[in-house]
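Chemist: Based on the sequences and whatever the hints tell you, model everything.
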Amino acid sequence: MSPASQELFRVSNLHKRYGDAEVVRDLSFSIAPGECLGVIGPNGAGKTTTIRMCLGLTEPDQGQIEAMGFVMPHDVRAIKARLGVVTQMDTLDPDFSCSENLLVYGRYFGLKDSEIRARIPALLEFASLTSKANAKPGELSGGMKRRLSLARALVNDPQLLLLDEPTTGLDPQARHLMWERLQLLLQQGKSILLTTHFMDEAERLCSRLLVLDHGRKIAEGRPRDLIAQHLEPDVVEVFGNGAQALAEHALRANASRLEISGETLFFYTHQAPALLQALSVFPQLRVLHRPANLEDLFLKLTGRQIREDA
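Numbering (the working numbering), first residue to last: -14 to 295.
If you're looking for bench data, these hints aren't it; they were derived computationally from the structure.
Bear in mind that the values here come from a model prediction, so they are computed numbers and not experimental data.
Backbone N, C-alpha and C define an ideal beta-carbon position, used for all residues, glycine too.
It cannot be assumed that every hint is accurate.
Below 16 Å or equal to it, Euclidean Cα-Cα: the simulated EDC-like pairs (lysine to aspartate or glutamate) are [what the hints assert, rightly or not]:
| hint | residue 1 | residue 2 |
| --- | --- | --- |
| 1 | 285 | 198 |
| 2 | 117 | 156 |
| 3 | 121 | 165 |
| 4 | 202 | 11 |
| 5 | 130 | 110 |
Distance windows between CB atoms, simulated [as the list claims (entries may be wrong)]:
| hint | residue 1 | residue 2 | range |
| --- | --- | --- | --- |
| 6 | 123 | 265 | 50 to 60 Å |
| 7 | 275 | 80 | 41 to 51 Å |
| 8 | 85 | 201 | 35 to 45 Å |
| 9 | 123 | 255 | 52 to 62 Å |
| 10 | 46 | 246 | 30 to 40 Å |
Modeler: Structure, rendered in structure tokens:
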């Protein structure tokens, strides 16, 4: 945890139950000014419920949420005035142009029209949408809509942004442009709470990560520190005819941990050279050697089995 004097946002011992299912269990974390805290976990891990409680949309059964000197839910209006939100699904008004979407949204915060209009050109420029000021959302690509949602979330100049899977459904070019914009916000001193299913996104943007599963925090730390703590440094992926039959032979060659997914073997090892040498006598195999990454961490901590949406 960050020292109390450095905390912008703190969640303490949060619990939430729906019927017999406890979807958030004793969850605590904090966010410092200028920090991006990532929340990752399988479907049903409690990520979106946590975001909803942080926004005051869902009331926790137990626990406390403090933000910028205020306490939820008593000071929910004061907290929301200092937050920016991008949800999983676009909530842009299809009948308004890009500029009008920003204007109407700014009114929700009690801002004067003259003040909002003065901010709109910079917000559109930030979102690379200056040329689309008069276009309606239906005329925009998916990436443009997400950038407009981000610009709209900034209309009240928030201290903290809550972003729930903000790049889902975007192509690689649109995702990279979104990442650039988020990095600019961090450089400006904004704080971000980010949920994502993209491990490269989490590693690129996040100062720290929470890993959730079944509503509990199962790991917390800096991305590279978590990888070093939980994983062997090297991964050798092996696939091809007879790969599984050769697993025992390769394992005898060195101390490796083996996981099997479909037709691919994943060797997690401290002795990559010895393993690669043992595999070299099987030319029919395809072998990929790489450093351990955040996706390997995610799969080790939460498993490789498919989770149904929850």
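Chemist: Could you run down the list of hints and mark each one as holding or not?
Modeler: Comparing the hints with the structure gives:
1. 285 with 198: OK: residue 285 and residue 198 at ~12 Å, within 16 Å.
2. 117 with 156: violated, 20 Å
3. 121 with 165: The given pair, whose Cα atoms are some 24 Å apart, is violated under the 16 Å limit.
4. 202 with 11: holds, 8 Å
5. 130 with 110: Between residue 130 and residue 110 the Cα gap is close to 14 Å, so the pair holds against 16 Å.
6. 123 with 265: 50 to 60 Å: Holds, at about 56 Å.
7. 275 with 80: 41 to 51 Å: holds, 49 Å
8. 85 with 201: 35 to 45 Å: The hint (35 to 45 Å, Cβ to Cβ) holds, given that residue 85 and residue 201 are roughly 43 Å apart.
9. 123 with 255: 52 to 62 Å: Holds, at about 54 Å.
10. 46 with 246: 30 to 40 Å: holds, 37 Å
Taken one by one, the earlier hints fail for this structure at numbers 2 and 3, listed in ascending order.
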